[in-house]
Each structure stands twice: as structure tokens, then as C-alpha cells.
Amino acid sequence: MDMNQYLEIFIDESKEHLQEMNQILLELENKPDNLKLLDAIFRIAHTIKGMAGTMGYSKITNLTHKMESLMHEVRTGNVKISEKIVDVLFECFDALEEYVENLIANGEEGALDTEDLVNKLAAFISNGGDVEIEKTVSKSTVDTEEKNDGEHKFSIEFDEITRNVINKAIESDVNIFKIDVILDENCMLKAARSFIVFNKLENLGEVISSKPDVELIEDEKFDLNFEILYFTKLDQLTLHNELINISEIREVVIEEIDEKLEVEKLDDTNDIVETKDKKIEKKSNKSKEKGKKKHAKKASKTVRVDIERLDNLMNLVSELIIIKTRLEDGGNRHSEGRTSEMHETIEYLERITTSLHDAVMKVRMVPVERTFNRFPRMVRDLSKDLGKGINLVMSGEDTEVDRTVIDEIGDPLIHLIRNSIDHGIEDKATRIARGKDENGTVALRAYPDGNTVVIEVEDDGNGIDSEAIKNIAIERKFLTESEVVQLSEKEVINLLFNAGFSTAKEVTDLSGRGVGLDVVKSKIESLNGTVEVDTVLGKGSKFIIRLPLTLAIIQALMITLKEEIYAIPLNNIKEISTINSEEISMIQDQEVVLYRGKTLPLIRLGSILNTKKYEKNIGDMLVVVVKKGDEEAGIIVDELIGQQEIVIKSLGKYLKGINIIAGATILGNGGVALIVDSNQLF
Amino acid sequence: MEDLREYVVFKIDNEYYGINIKFVENIEKAQSITRVPFAQSYLEGVINLRGNIIPVVNLRERFMMESKDITKDTRIIIINFSGYNIGLVVDSSSEVVQFDEENIEKAPKIGNLAKNDFIKEVGKENERIVMLIDIKKVLDIVELESK
Chain A
1 MDMNQYLEIF IDESKEHLQE MNQILLELEN KPDNLKLLDA IFRIAHTIKG
51 MAGTMGYSKI TNLTHKMESL MHEVRTGNVK ISEKIVDVLF ECFDALEEYV
101 ENLIANGEEG ALDTEDLVNK LAAFISNGGD VEIEKTVSKS TVDTEEKNDG
151 EHKFSIEFDE ITRNVINKAI ESDVNIFKID VILDENCMLK AARSFIVFNK
201 LENLGEVISS KPDVELIEDE KFDLNFEILY FTKLDQLTLH NELINISEIR
251 EVVIEEIDEK LEVEKLDDTN DIVETKDKKI EKKSNKSKEK GKKKHAKKAS
301 KTVRVDIERL DNLMNLVSEL IIIKTRLEDG GNRHSEGRTS EMHETIEYLE
351 RITTSLHDAV MKVRMVPVER TFNRFPRMVR DLSKDLGKGI NLVMSGEDTE
401 VDRTVIDEIG DPLIHLIRNS IDHGIEDKAT RIARGKDENG TVALRAYPDG
451 NTVVIEVEDD GNGIDSEAIK NIAIERKFLT ESEVVQLSEK EVINLLFNAG
501 FSTAKEVTDL SGRGVGLDVV KSKIESLNGT VEVDTVLGKG SKFIIRLPLT
551 LAIIQALMIT LKEEIYAIPL NNIKEISTIN SEEISMIQDQ EVVLYRGKTL
601 PLIRLGSILN TKKYEKNIGD MLVVVVKKGD EEAGIIVDEL IGQQEIVIKS
651 LGKYLKGINI IAGATILGNG GVALIVDSNQ LF
Chain B
683 MEDLREYVVF KIDNEYYGIN IKFVENIEKA QSITRVPFAQ SYLEGVINLR
733 GNIIPVVNLR ERFMMESKDI TKDTRIIIIN FSGYNIGLVV DSSSEVVQFD
783 EENIEKAPKI GNLAKNDFIK EVGKENERIV MLIDIKKVLD IVELESK
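In the order they appear, the protein sequences are chains A and B.
Taken in order, the first sequence gives residues 1 to 682; the numbers are from our numbering.
Taken in order, the second sequence gives residues 683 to 829; the numbers are from our numbering.
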């Protein structure tokens with residue numbers, strides 16, 4: 001049988017399960033005695049085993065099988081959990097992750113050999129008997145437990161969905177009944193008879209589920225009675241009369257379900273559900289577990305969409321926006337009579353395109369959680385390797401960013417976190433000597449800020465030594481001594497982002513190999529973002545990454561330089577002003593003006609872009625003040641056209657790497673305008 | 683049939699040039715071209731082709747010939763060469779010609795013209811000579827990839 005069509009599902013689900021396992025393992029490390037966590041690992045291993053077995057992935061199956069067995073022994077108390085076991089479980093997790101990666105890459109498990117791990121796990125199981133603490137659980141209970149677990153995995157979905165539906169129904173005041181239908185013993189065609197029952201019920205309301213399943217009933221695979229979970233607006237009595245009138249039915253028992261009775265009633269309908277429900281009840285006592293359950297519900301509501309389809313949708317929206325702009329153009333040109341009507345129509349169209357755009361954008365948004373999730377594990381490993389105690393504090397994991405950003409942002413963040421731990425946080429002795437907490441803290445925060453998303457990596461370590469940077473800059477001949485003296489503190493620190501700059505005195509395995517912050521910077525900039533550092537020597541440093549919320553459609557200011565039209569992204573613009581050329585003074589060949597008490601460097605865009613027929617503006621000049629971090633500059637332009645929503649199009653690979661131009665956009669008249677990346681003008 | 687090769691023939695001044703039809707996507711009338719700063723001098727700019735941004739190369743500039751204003755005959759030949767979608771501005775273009783292998787010869791080196799590099803072969807058809815251009819060279823794609 002061809003399993004390929006299920007491969008994607010397998011990969012997606014395994015990824016989800018592995019992510020959960022990762023979190024649980026991290027938690028388990030702190031709370032090794034928590035039975036819930038052990039249960040959860042057992043369950044995940046079991047689920048993956050089941051899926052992998054179906055797909056014929058024997059290595060994954062073997063490994064998860066052993067994990068499952070070990071967890072089982074731990075749960076029953078035959079094996080005592082220890083740090084070693086947790087470590088091995090982490091190794092297993094890594095191996096599983098690699099298998100899944102291999103599956104993604106080439107559809108096969110790959111050559112990774114986990115014989116060792118399997119043996120380790122087996123060793124724990126057999127040795128564990130020696131360190132047994134309590135052996136109160138007999139073999140038989142063990143068996144049933146395992147069986148239950150196997151089954152409840154199967155019924156989870158059913159259970160959750162049903163519960164959801166019931167909760168919804170109660171809110172919308174529909175009556176919920178559990179109907180027990182018992183057929184006459186002499187009934188000849190049980191399936192047909194029950195079909196009539198179902199048919200009738202479906203005309204009067206909604207059948208949610210039945211026991212046994214509808215398919216089984218249709219195949220006559222039931223005794224004389226079957227149970228139905230049913231929603232209707234009818235009351236109990238009418239319903240009873242409707243059903244009992246069908247011939248060959250001996251008895252109809254109807255019970256109403258409201259929320260309080262829900263769990264108990266469900267117990268009656270389904271013994272498998274019973275065990276599960278009790279578990280859920282137990283779980284809900286713990287707020288944390290409850291949170292997790294909610295999460296699972298949320299996950300079940302997502303739809304996986306191929307990014308290409310979304311891109312296609314996005315392109316269509318773009319086209320729509322272009323048409324809108326075109327209409328606007330036309331509308332302005334047309335004569336009086338129809339203008340107001342036209343304007344109204346255009347405004348309406350604008351509302352639609354804007355909300356459509358927002359909607360599509362939202363579909364593309366994913367919480368940064370996806371990227372953040374791998375960091376606790378990484379920090380754990382790093383702190384173990386380096387013998388530094390590190391607390392990782394994360395916040396704002398639910399902040400959403402564009403899907404493309406999620407995929408790209410991981411590596412830069414890993415880099416920054418590694419930097420913080422390796423270079424930032426001091427070793428324990430130093431920390432104690434400095435009167436700091438023995439354990440360092442790395443904070444990872446994400447939050448939306450206007451049209452951007454901010455991600456911060458902050459540590460309470462050593463901070464960045466600007467003197468050290470100056471020395472290195474001189475040593476490596478980036479700058480001369482006299483140049484260095486002129487730099488502000490901030491400019492010195494920004495030297496870190498230059499290629500080939502690493503301040504680590506010792507080169508460690510992790511970082512300090514000379515490739516570093518410059519890579520981070522170029523990656524972030526390729527996403528149209530910015531990165532900045534705040535640092536206080538001895539106190540710590542903070543890297544601030546700013547990313548645009550949306551990538552494909554932005555607000556821009558359209559300007560002209562002679563006959564050429566350019567777009568400047570609005571989020572880079574601080575304000576627009578007029579300056580007279582007589583106010584300009586020169587500082588080191590750079591034109592500046594005193595503007596709001598600060599010197600503002602001026603950029604003659606026409607000259608930089610070599611515009612045809614360029615001539616130096618004089619007299620009153622239009623200046624677009626753009627910002628990059630704390631810096632500002634004034635761009636001198638000829639004319640302003642106005643603010644417009646533009647669709648960013650790439651210039652393609654033939655024109656890759658053109659300076660200052662970030663892309664192109666299509667104008668209402670079908671022409672092309674280039675987008676100026678003002679960040680590159682600084 | 684294998685020894686038949688099809689070429690889209692275009693004209694610059696009074697000379698005929700050919701481009702292998704397998705690289706040609708379509709032929710467009712001239713439209714407004716947006717200049718791209720910092721690009722090579724022969725890069726005329728970019729155009730909007732049904733929602734896509736296509737770079738356009740001016741073959742006159744590339745062949746170091748005198749520039750000429752756009753006329754009603756000016757065409758932009760849109761090619762797709764190993765994933766690059768690029769337009770070529772030519773004086774006019776209207777036909778597709780089939781050449782037998784035996785009518786294709788190695789291009790003679792004439793003088794020291796810039797275009798010698800770009801033309802590897804010529805095709806002969808009824809006393810007309812068509813210079814067959816080497817797109818990879820013309821677009822300088824080798825250099826791009828090594829960057």
C-alpha cells in the first residue's frame with residue numbers, strides 16, 4: 001500500500017508530539033516525581049509508536065516501544081527515575097527528531113542507528129528492578145492499564161469533540177438527550193429498523209454520536225439496543241412519543257443531559273470515555289494541565305494550508321489592491337457628475353481590500369512559540385556544557401509574526417542566545433564575587449509594537465566592553481586610533497555587527513568563531529528588520545530585533561525625483577518637512593541642517609540614485625525625515641505624490657543585490673516604481 | 683526532425699539576430715521601462731509584465747551600438763533562461779525561422795566587435811544571414827552565478 005500520502009500527516013503530527021515531549025522532558029527534569037509527566041511521555045511514545053508502526057518505520061517503532069516500556073516501568077515503580085534516565089530520554093528525543101528530519105528531507109528514516117539507545121533503555125528496565133522501591137502494583141493491573149492507555153488514545157478525539165459540541169449546545173439552549181433504544185426481540189431487520197430511528201431523529205434534530213458506531217449498526221453488528229447522543233429542540237416527551245411509534249421497538253429510554261451531569265451521563269454511554277473523563281477531571285484540578293488541554297483543543301482547530309496556496313491568495317489580493325489604486329486614479333480624473341458615486345464605490349472597495357488583506361495576513365501569521373519552543377532545551381544543554389546556571393525566561397510566545405519570518409528568525413535567535421550564555425553570563429564564581437545571583441538569567445521576549453514585532457534577548461551578564469571593542473577594531477585594522485576616538489559609545493558597540501568581529505577571548509565550541517553578529521544582522525535586514533544593542537558593562541546586554549509585521553504589502557510614501565517615482569516605506573518615515581537650502585551647513589563633506597535642536601544629515605536622493613536630469617535642489621526643499629533606530633536623516637525629494645498601499649515585488653534573481661533598492665511595486669497606471677530602502681542610506 | 687532548429691528572429695539596425703525558441707516565452711510591445719539605479723549600463727530597467735517585475739536588457743547597449751528611441755516596431759522579447767525571466771529590447775521582431783543543421787555555421791570573427799563574444803553561430807536562409815546569440819553570454823549569467 002502506498003503510504004506516501006500519509007507521510008505529510010505523519011510528519012506534522014510527529015512534530016507536534018515531539019514538541020510536546022520536549023516541553024514535558026524539560027519539566028520532568030525539574031519534577032522527576034510527577035506522575036502526570038511520566039504518563040504524558042508514555043502516551044506520546046505510544047502514539048508515535050502506533051503511527052510509525054502503521055507507516056512501517058521500524059527504527060522509530062523500536063525506539064518508542066522501548067521508551068514506552070521504560071516509562072511504564074517507571075510509572076509502576078519498578079524503575080526509579082534518575083537524571084541519567086532523563087538524559088537518555090533526551091537523547092531518544094533527539095534521535096526521534098532526527099528521524100523525522102530525515103523523513104522530511106528524503107522520505108526515509110535515514111541511517112541513524114539507535115541500537116545503543118534501545119540497549120540503554122533496556123538496561124534501565126532490567127537494572128531498575130534492583131532499585132525498586134515499591135512493587136505494590138501487580139502484573140494484572142499493569143496490563144489493564146496499558147490496555148486502557150492504548151484505547152484511550154483512540155477515543156481522545158471523539159471525546160474532546162463531543163464535549164466541545166455539548167458545551168456549545170448548552171450555550172445555545174438546545175436539549176441534549178441520551179437515548180437508549182431497545183428493539184423488539186422478534187425484530188427481523190434490525191439494521192433497517194434502526195435506520196428508521198436514525199432517519200426520524202435526523203429530521204427532528206441532530207445525532208451527535210451513537211454506541212455502537214453508525215457503521216456497526218448499519219451492519220447489524222449490535223445486540224438489541226443502541227444508544228444515541230442527540231441534540232434537539234423538542235422536549236423529552238414528544239421525542240419519546242415520536243420514537244415509540246416506530247414499530248418493532250420495545251422500549252425507548254431518554255435521559256436529558258445538562259452540563260453538570262455531562263460527565264456522568266457520558267460514562268453511561270461509553271465506558272472508554274469514562275476512564276478518560278475521570279482523567280480529565282483529575283487533570284482539571286491542576287491549572288497547568290488544564291492549560292495544556294486547552295492548547296490541544298486549539299490545535300485541533302487549525303487547518304494546515306500549503307504556503308503556496310496562501311501566496312497565491314495573497315497575489316490575488318495584491319492584484320485587487322492594484323486595481324483599486326487604478327480606479328482611484330481614474331476616479332480623480334473623471335468629470336464632476338459621477339465622482340461622488342465613484343468615490344463611494346472606491347471607498348467600499350478599499351474597505352474590502354483592506355480587510356481581505358488583513359485576513360490573508362492573519363492566516364499567514366503564526367505564534368513565535370514555534371521558534372521559541374526549542375530554546376529551553378538548547379539553554380539546558382548549554383548551561384550543562386558550560387557549567388553555568390542559566391534561567392531562561394520567555395514571554396510573549398503567543399505574539400504572531402509572518403510565517404516566512406518564523407522560518408528565518410530561528411538561527412539569528414539561537415546565535416544571540418548562545419552569545420548571551422557563552423560571552424554574556426559570567427561563570428558562577430565571578431557572579432558571586434560581583435554580588436549577582438549565582439544563576440544567570442536570559443530573557444527572551446516578544447511583543448508587537450505598532451506595525452512591527454519586537455524580539456528581545458536580554459542577559460544579566462557581563463555586558464559589552466566598549467574598550468575591548470575599540471582595541472580589537474584597531475588591532476584588526478578596521479579603524480585607526482584617531483577614528484576610534486571620534487566614535488560615540490553606540491557606534492563603537494555597533495562595530496560588533498561588522499563581519500569578522502568576535503570579542504571572545506577564548507574561542508569555544510559554541511561561538512567566538514568570528515562569524516557572528518554580522519550574520520545575525522544581515523539575516524534580520526533581509527527580512528526588512530533591524531537589530532540594536534543596549535548594554536551596560538557589568539550589568540548585562542539586550543539585543544533588540546525589530547521585524548515588520550507584514551512583508552508583502554506595506555504603506556508607503558510615493559515621491560518623485562524628476563520623472564521617476566519611488567516609494568519609501570512609511571514605517572521608516574518620521575515626518576515630512578520643508579527646509580530652505582540656505583539653512584544647510586557642511587560638516588565633513590556632509591550636508592546637515594539644525595532641525596528641532598539636532599543636526600540632521602541630508603541625503604540628496606536624486607544624486608545618490610543618479611536620476612536622469614538630476615539637478616541640485618535649492619530654495620525651499622521637501623525633506624522626508626527617515627529614521628533607523630535612534631538615527632535620523634533627511635531625504636531631499638522633488639515632489640510628494642502621497643501615501644499609498646503598495647505590494648512589494650522582488651526584482652528577481654537577475655537583479656539580486658542592487659543597493660538601496662528593496663524591491664519594486666506596480667503603480668495604478670501599470671508602471672513600475674522602485675522601493676527605496678531608507679535603512680541603507682545611513 | 684532533430685536537425686531542425688527553430689529561432690525567433692529579430693532585427694537591430696539592418697542586421698538579423700536569432701534566439702533559440704526554446705528560451706522565448708513571448709514577445710511584447712514596448713512599454714514604459716523603469717530605470718534601476720546601480721545596475722549594469724545595458725540593463726534598461728524593469729517592466730511590469732502582468733503583475734511580475736521583469737528586468738529588461740537593452741541589446742543595443744549590450745552590443746555597444748548607438749542607442750535609438752523606441753518606435754512602434756520596438757519589441758521586448760521575454761525569455762526564460764535557466765530560471766531567469768528577462769526581457770530583451772530589440773528594434774523589431776516578427777518571425778520564427780527554422781534552420782537545418784547544415785545551414786548553421788560557426789560565426790566568423792569579424793574585426794574586434796563587442797558582439798563577437800555573444801555570437802557563436804550564424805544561420806543561413808535564402809541569402810539572409812542570421813546571427814544566433816548566446817544568451818548566457820549576453821546576459822552575463824555565468825558571472826552572476828559565481829558572485
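Rather than coming from a laboratory, the hints here were simulated on the basis of the structure.
Hints are not guaranteed to be accurate.
[As the list claims (entries may be wrong)] Selected chain A positions facing chain B (in silico; Cβ < 8 angstroms):
| # | residue |
| --- | --- |
| 1 | Leu320 |
| 2 | Ile323 |
| 3 | Ser607 |
| 4 | Tyr654 |
| 5 | Ile661 |
| 6 | Gly668 |
| 7 | Gly671 |
| 8 | Asp677 |
| 9 | Gln680 |
| 10 | Leu681 |
Since the structure is predicted, the reported quantities are computational estimates derived from the model, not experimental observations.
Where is the CB? At the ideal position from N, CA and C, for every residue including glycine.
Here's how the hints hold up against the structure:
1. Leu320: Constraint on Leu320/A not satisfied, violated at 11 angstroms.
2. Ile323: violated, 11 angstroms
3. Ser607: Nearest chain B Cβ about 11 angstroms off; hint violated.
4. Tyr654: holds, 5 angstroms
5. Ile661: holds, 7 angstroms
6. Gly668: violated, 11 angstroms
7. Gly671: Holds: closest Cβ of chain B sits about 5 angstroms from Gly671/A, inside 8 angstroms.
8. Asp677: violated, 12 angstroms
9. Gln680: Violated - the Cβ of Gln680/A stays beyond 8 angstroms from chain B, reaching only about 11 angstroms at its closest.
10. Leu681: violated, 12 angstroms
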